Structures are given as structure tokens and as C-alpha cells.
Amino acid sequence: MWARAVWLGRGSWMGWRRGFTSRADPQGNSRVTAKVIEHLERLALVDFGSQEAVARLEKAIAFADRLHAVDTDGVEPMESVLEDRCLYLRSDNVVEGNCVEELLQNAHRVVEEYFVAPPGNISLSKQDEQEPFSHN
Amino acid sequence: MAAPVLRGCHLGRRWALACIDGGSRHGRVAATGFTSSGKRGQSFVAQQPLITAQKSKKGEQKWAAVVGLEIHAQIASNSKLFSGSQVHFAAPPNSLVSFFDASLPGTLPVLNRRCVEAAVMTGLALNCHINKKSLFDRKHYFYADLPAGYQITQQRVPIAVNGSLAYSVCVGKKWRQVITKTVRIKQIQLEQDSGKSLHDELRSQTLIDLNRAGVGLLEVVLEPDMSCGEEAATAVRELQLILQALGTSQANMAEGQLRVDANISVHHPGEPLGVRTEVKNLNSARFLARAIDYEIQRQIDELENGCEILNETRSFDYKLGCTVPMRDKEGKQDYRFMPEPNLPPLRLYDSASLPAGADLQQVINIDQIRERLPELPSETREKLIQQYGMLPEHSFALLNEVGLLEFFQNVIKETRAEPKKVTSWVLNIFLGFLKQQNLAVNESPVTPSALAELLNLLDRKVISSAAAKQVFEELWRSKGKTPSQIVSERKLELMQDEEALERVCHAVMEEHPQVVMDMKRGNPRAINRLIGLVRKATHSRADPTVIKETLEKQLSS
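Residue numbers (our numbering), protein chains in the order written: chain A, 1 to 136; chain B, 1001 to 1557.
No lab work stands behind these hints, which were simulated from the structure alone. In this text the structure is predicted, and so the values were computed from the model without any measurement. Accuracy of the hints is not assured; some may be wrong.
Said to hold, decoys possible - In silico DMTMM-like links for lysine to aspartate or glutamate, alpha-carbon gap of 25 Å or less:
1) B/1139 / A/79
2) B/1139 / A/83
3) B/1196 / A/92
Let the hints inform the model, and build the full structure from the sequences given.
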């Protein structure tokens, strides 16, 4: 389900509603293009370093595509497995916080109780600048 | 609701044309076409063609601008949206952060009841439809002040949709004409705030403070029904007043409790909408209108020079007074929305659908919240107009300053002077002094009781109007003295002794026979001269009307 969400998430930044219905190729074409890999690497900060990894991804998509076999006409999509549970409402009281030392313990670098991060977002280098490996 | 909205839109564009065209962005001159028609305070309905009077730039087509807003308001609550750490403005860095806020593994979100109530109250006040079932989603993007790598928001089904916000725009000189406009509200959603980044250019690093991370926000999305910076700024101001009246947010822009992003595009009337840009970092009420108008003009200039508008995100540079493209934007963002797996749907009830025997702490009844809604600014203004017969623009002015309405009402309580007098004194003299010294109402050296006493003295004709102003000045300068004390100290009481006044008038007339001659000949200015002389002779302690009467009586005898 996660892989499917990823596949349909691409290019549908506007409409989540559009995402689920019938966007996927009914043929179950699971070739993943180089452009998509680059896009995914940027978004999810994963590194598909090798052709093997891409092939594994394609197999995972093909596996998930078998869900197409189920006829879901007229069936409301399930949002989550929790949809029948009650959402617990907490009273508006302050019961947490004040643990700055503990939190900073995990940080690699701190400056006067601030976490330290690199400036802005580090942009990933473009496809052609990376170690090339063939995607056919 | 459709008809008034359309009218508003249509007019809005015309008015915006008046705003923008011929470089008269700031010019109210264009709006003179409106002053002759339409009664005060009612929705504008006239259809006269306004633009034919306008000079056009080299005979080119007119432009219409379209402005939509996304407003983020920090919810006024003790603890955060999904965790129990405190919400507070200034605190040592990272001291108000729980394990969940820092996104440590194994933590889960727990929804704060107060935040849901705040969202429902705001939705009801803005005439929205409250969704009895709303959902939470994750919006993914990477930034150091978002430790989880995603923000929990409501993208698919927000808590409230399809509302409206009415605001009044004043055209003409000195707010003479008040027009009511409406902007549609697309939705209101609950979402988390991110932490704060402090950029340290020198050492090439960013310092992260997560105190703000996880604070509850109300995102109010306004449809692109506005057509210039002025309208947008007024709508934002009205929303601010509503949120403050409801108590759902303090909506203080200076403290970052209210943030506005604008979506702006231009097009020729009758043609499809143009490409829009998003302008972020509009965090000051003062610069909001300016920034939007700048962007509108920039787009018009670009298009008239044959260039295209890019669908990009820009930021407003306060120092340069212009919008600049934001870096760090590589094409469109893909937020990979997905349902929040840790939160079931949020269900709300009304009195009809409330399950029997439900734990009241665990259910939210929309009808109950509706009953408890406090008075909204528009209602308050209407009451002031009805109760005190004041002009609409005065009611706006009274609500526009923090604490001013309360001050006014306290004065009214303790004085027998007419409401119109009180209104005039509070809005002109009192507010004038405050503004001159840049003070807030609660910093005023003059208390409502003092002003009430002063107005009583004036009303009983113990002192003249000019003397009252002098007393006020003295009250402002020196604390601890009452108006009566000042009046007796400086001997400002009006002369009550008729005979003494008659003697002075007689003396003055003796000393200035020429002026008396002029007066007898019917010169109207002569009597004013005499009045002035008598006033000086009595050290301004005589009422000019009484002086005039006495002089006329003496003259005729």
C-alpha cells in the first residue's frame, strides 16, 4: 500500500482524491523510469544506488498491483484500520516539556541549547553528476 | 449567499481597477464615482460604469487582480495540538518541547480538546459548515525545523468548509462611505506549527528551537474574491478582530500568532485567470497591503512588457519594499499526502446525534458551542450604532483599538453627557493624545472616571469647551489631580455672574466705539470681534454664546 501511495503520489500534489481511483496503468506496467527514481530519491531521501534496488522496487510495485484483481466498484475506500475507533480527546493541561537536557543529549552539535542544522536544505546533485548506472 | 458574493466580486474588481489603473494604486480619487450613490452601511448596488472616467495607459486594456489568502492563526491554548507541552511565546530554547514534539521514536499524537473547540467556534463564527467527520493527514517535506519530516494537517476532509467573512471597506475621504464586501471561506483546518530556525550566515549553520513545533494552528483559506491589497488587509483585520473576540487566537501578527500567505494573479476582465504567484512572509499588518499591491503591479508590468509570469513562490522583502523569488524551491513541491495512521477520524456531534450516556469529556457538541459563542465585532458595532446613534465609521474606530471600546463604555457609565459628545471626545481628543505619544489605551494617564467627570463639568456648563480641553491636557500631564481640582486651581470656571459679565461687555464696547458702529451697521464680523475681546477680558471664562446674547441685549437697549 505504501508503494502504491508513492506511485500515485507523484504528480498529484493537488488532489489526493484523484490519487486512488484509476490512475494506475491497468496493464500493471511496472517499469520505473530514471526520472521517477530521481524524483523519489529527492523526495524521500533514499538512495537507489544500484540497478538491483530499482528492480526490487519494480517487483514490489508488481506485487501490489495484484490488488487490481479485486472489484471495488461501489465500495467506500477505507481510510485507516482505525476508522471505527474513537479519537481520544485530551484536556488542555500542561503535563510535558521542560526536558531540554535530555533532548539535547541526542544531538550531534548544540549551541547554547539550540539544535544545530546545516543552512537551508542541501540540494541533491543532479542525475548526470552522480555515479551513472544504467536503468534501461 | 451567492448573490451578495457575486456583487461583491464584481464590484471588487471595478474598485480594484480604480485602485490599480493609471498607476493610481493609492488613489481614492477613482472611487469618487461611488460617493454619490448608495446609502451608508448598505451593500452597494449601483451599476454605473466607473472606468470611462479613468485615464488609460496608452489605450491599453484594463487589468483586474485576483487575491486569495491562506491565513495561519495560532490557537490560544495552554498546551499543544497533539502533546502536553506548553504553548508560550518567549521561553528558553527547547524548554517547551516534549518527546513527541522532538519526534523521538515511540511517541504518538494525542488530540487536544480545546483546539477542536477553537476550530468549531471559529467555523461557526465564519458561517461555515462543520464537518461531523474530519480526517487527519501527513504532509511530507524536509526541513530542519520539522523534526518528524511531516506535518499533521487536514488535507482531505477539514473540520469546517464553505463559510464567509464580511468586511467593510471605506472609500472616499475620511471613511465617509462604508461598503460591505464578502469573501468566501474555502475551509478551516487544524494543523501543527513547525519549530523556529535562526539562520547564522556567519558560521553557515541554522539554530533550531522546537518550542513552537506542534503548536495548534487554524489555517483559514480565503477564496480569491479580493482584488487589491486594501481589501485583503481589511479582511485580515476583520478576521483578527473575530478571532480575538472569540478568544480562539490572540492573532497578534507581531508575535507570529497570525501569518498570511497571498496567492495573486492578474488578468483582463472577461478573460481567464492568469498564472498565480504565492507571496509568503507577510507577517506585518502594515506591509500586507503594500506587498500585495506591489506584486500586482509587478505582474502587470511583466505582462505588459511581454514576459510571462512564473508559478512560483516569492517572499516580501521589507527593506526593499518588493517581492523576491524564494530560493530552495526546485519546481513544484510534492508533499506525498497520506492519511495519518495514528489518528482515527475526528467525529463531532450535535444535540440530535449525541450518543446517550456518552462521556461528556470525550464528545464535542456543536450546538452547545454555538450557544456559547460570544458577541462578534459586527454585532457589537451594530449595537453601538443602534444604542448611541453613532456613525458606522465611529463604531469601526472604537473597535479598532485594543481597549478603546471598554474605555468608551466606562466613560458612558459614569457621565450624564450625551453619547455623541462622549464619542467625539474619545475618538478625537483622547485617541489623538494616545497616538501622539504612541501609547496603548491601558497606558493612558487619564482614567475613564476622570474623563467622565470632565464631561460632566462641561455638560453642566461649569466650564467652556476650550477650558475643558485645557483641563484635559493638564490631566494628561499630571497624575493624581481630578478635573474639579484643576478647574478651581486654574480658575477656569465659567463666569456665572451675569452682572459682572454685563459690566465687562459694557467696558469693552466703550473702549471700541468703532467696532460698535460696525456692528450697528450690520457687519456680522464686528460682533465676533467684540466677542473675542470680551473673552480675552474675562480670561476665557465666559461662554461665547452668553457673551453674544449679553452684547446684543446691551446693544439693543
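Do the alpha carbons of residue 1196 of chain B and residue 92 of chain A lie within 25 Å of each other, as the hint requires?
-> holds (23 Å)
Taking only the CA atoms, is the gap from residue 1139 of chain B to residue 83 of chain A under or equal to 25 Å?
-> Satisfied, since the Cα-Cα distance of roughly 20 Å is no more than 25 Å.
Given the hinted pair residue 1139 of chain B and residue 79 of chain A, is their alpha-carbon gap at most 25 Å?
-> Holds: residue 1139 of chain B and residue 79 of chain A sit about 16 Å apart, inside 25 Å.
No hint from the list above goes unmet by this structure.
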